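Enquirer: Please construct the entire structure, taking both the sequences and the accompanying hints into account.
Residue numbers (mature numbering (1 follows the signal peptide of the UniProt record, and there is no 0)): -18 to -1, 1 to 566.
Note that these hints are calculated values from the structure, not bench results.
These figures come from a predicted structure and were not determined experimentally.
Yeah, the Cβ is synthetic: ideal placement off N, Cα and C, and Gly gets one too.
Please note that a few of the clues may not be correct.
[Unchecked claim] Computed cross-link-like contacts, DSS-like style, restricted to lysine-lysine with a CA-CA straight-line distance of at most 25 Å:
hint, residue 1, residue 2
1, Lys316, Lys330
2, Lys104, Lys68
3, Lys316, Lys357
4, Lys316, Lys342
5, Lys104, Lys122
6, Lys132, Lys122
7, Lys7, Lys122
8, Lys7, Lys68
9, Lys122, Lys99
10, Lys122, Lys26
11, Lys175, Lys136
12, Lys175, Lys68
13, Lys104, Lys136
14, Lys357, Lys342
15, Lys136, Lys316
16, Lys122, Lys136
17, Lys330, Lys450
[Stated by the list, open to error] Derived DEER-like restraints, expressed as beta-carbon distance ranges:
hint, residue 1, residue 2, range
18, His495, Ser125, 45 to 55 Å
19, Val373, Thr463, 46 to 56 Å
20, Gly317, Glu165, 49 to 59 Å
21, Pro66, Lys99, 51 to 61 Å
22, Ser319, Thr384, 15 to 25 Å
23, Ser469, Glu526, 22 to 32 Å
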Amino acid sequence: MLLTYLIIPFSILQCVSSKQIYDPKPCAYNGLSPVSRYTCNSSKSCETYIVYRSQQGFETVREISALFGVNQDQILLDNNITDPTKILETNCEVLIRVECHCLGSFFQSNASYSILKGGTYKIIACDIFEGLVKEQTLAKENSFDAANLKVGAKLAVPLTCACLDLNDTRDGFQYLLTYPIFETDDTDLLAEKFGVSPVDIQVQNSLDPNLTIYASTTILIPLRSVSSINFTIIDSSSRYHDPIPMNSTKQFEEKDSKKYLVAIILGIGALSLFLAIVVFGLYYRGKHKWINKLDLLSSNQSSTPSCLSPDLVAGVAKYSLISYSFGELTEATKGFSEETELGAYVHKGRIGDRDVVVKKMSSFDAQRIISVYSKINHTNIISLQGVCYGVTDPSSPTSLSTSSYLVFEFARNGSLRDCLRSHSEVLPWDRRIQIAFDVATALHYIHHCTVTSYIHMNISSENILITKDWRAKIANLGVGTSDGSVSTKVDVFGFGLVLLELLCSEEVGDGIHVREKLRVLNEKGSDQNGCFEELREFMDQSLEDYPIEEALCMVVLAMACLEDETTNRPSMHDILKIIARIAR
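Expert: Below, the structure written as structure tokens:
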């Protein structure tokens, strides 16, 4: 989601004493580098506002006020609501007045939360509090072990907020409102909604003209008064939001189940009756958090993506390869010895300070692969770096046949299949999801962002290579073209098998046996705990900590990819949108 910006002179930014810097790290970020918070340099405090969107379990003013520990009468007054028990529409934006304090070097509004069953820092920060505090900040604020949060324990929740500088009286601004960015937001929409100009928002957040603003982050809105807000302004596209929380103290009521059932039937159609049954039977029985992740399969937007393909500049940028001599490759691979052999006609080599993979093939096949690589270039596809043309086959010196050698980048951690079988290091859940996302990104690229559209033809865990930093790259492109004789859904089927292997760490063959086994999950629809026990039995038993609802989402997606009827399988465009909502 790219917000529209105006170019703001640096001199203007310097004179705004209370400006803050936008942090692009998402709510669920929990990496090594620290997340940014709104900074302060004094002991000042202020009254200000944050925006919260109603969701299942927090859909009345009474429930929302209890969650934030604020006066419900004030919420009623600020939002022109008379009944604190009135059920608000899902995603209804609610204005909440809070006390914002400068503690240490950061602004924060203090709230608390009692952990419910299944609660994690990520769920509490990003789902329950909708990104108004980041996972990393919440974990740092509390001493509880992230892997063992105890039910009933009370967490301190440092909500994101900020105060205007006392000397900053620009245009009558009174507050800095904390707003959680939604997928369809842009500066023009926010400016209209809060009665300010786009420049005011850009200046307040030190936004660079070319910066991309992401959902699941927050932005500060300089606000003159509550009366200037118009929450009825929305953009023209449908707005989806995860209903969360998996720990809701309320159960689905019958009317909610019917409402969501209609939505899912209308939304998923193309993924067949089976998928709809699984989604209804499993998701809507207490795990409704994932409804909108599968709704993305049927976004109101066209499933045909808009891409700026590298092929558009093919006439300008010239593709080039390093030309190696046979002697150089012989030296690099120690004479193509067994010691360097990775497979049939494939050897590991070292050229200069780089490890490479050297593959022997016919000159015809080499030319075909070079032709494809001259049109594709993607970080999640193993790169072709060099070539050695027309070498007489050493095994048949008298033969007139010649071979060529292609030099590819080397992936230090080997194939995905090897990584899943390794007993020395178990792939953690987040890493598996990242690998799935990387593979989906690469397939989406060759399906939708190249001219002509390419098909890998042989997606499997053996042909997915893992780099030293645990990122996935597809290799060994069989390569077909989407000319009507071969469908991109061939790769979708292969991707479904890869998803299942990522979940169970075992080879699944053609998937028939696994599909029959997983269909048993639906037969236990009346027993939610039984469903999840079946799922846990299927999962890699060495995985000690993973979100069961995310695993369920991936199983449903894999089963959709493996549909016998190709037209019922989702496209890589739809798949990528789903996995992007899960990947950290």
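Enquirer: Hint by hint, note whether the structure agrees.
Expert: Status of each hint after checking the structure:
1. Lys316 - Lys330: holds (9 Å)
2. Lys104 - Lys68: violated (29 Å)
3. Lys316 - Lys357: violated (32 Å)
4. Lys316 - Lys342: holds (15 Å)
5. Lys104 - Lys122: Given that 25 Å is the threshold and the Cα spacing comes to 12 Å, the pair holds.
6. Lys132 - Lys122: holds (17 Å)
7. Lys7 - Lys122: holds (16 Å)
8. Lys7 - Lys68: violated (35 Å)
9. Lys122 - Lys99: Given that 25 Å is the threshold and the Cα spacing comes to 21 Å, the pair holds.
10. Lys122 - Lys26: Satisfied, since the Cα-Cα distance of roughly 23 Å is no more than 25 Å.
11. Lys175 - Lys136: violated (35 Å)
12. Lys175 - Lys68: holds (24 Å)
13. Lys104 - Lys136: With a Cα-Cα distance of about 15 Å, the restraint between Lys104 and Lys136 holds, given a limit of 25 Å.
14. Lys357 - Lys342: Judged against 25 Å, a Cα distance of about 22 Å means the pair holds.
15. Lys136 - Lys316: Outside the cut-off at roughly 62 Å; violated.
16. Lys122 - Lys136: holds (14 Å)
17. Lys330 - Lys450: Given pair Lys330, Lys450 holds - Cα atoms ~15 Å apart, limit 25 Å.
18. His495 - Ser125: 45 to 55 Å: Holds, at about 46 Å.
19. Val373 - Thr463: 46 to 56 Å: This hint is violated: roughly 29 Å between Cβ atoms.
20. Gly317 - Glu165: 49 to 59 Å: holds (56 Å)
21. Pro66 - Lys99: 51 to 61 Å: Because 27 Å falls outside the window, the suggested range is violated.
22. Ser319 - Thr384: 15 to 25 Å: Roughly 22 Å apart at Cβ, these two residues keep to the hinted range, so it holds.
23. Ser469 - Glu526: 22 to 32 Å: For Glu526 against Ser469, whose Cβ atoms are near 39 Å apart, the range 22 to 32 Å is violated.
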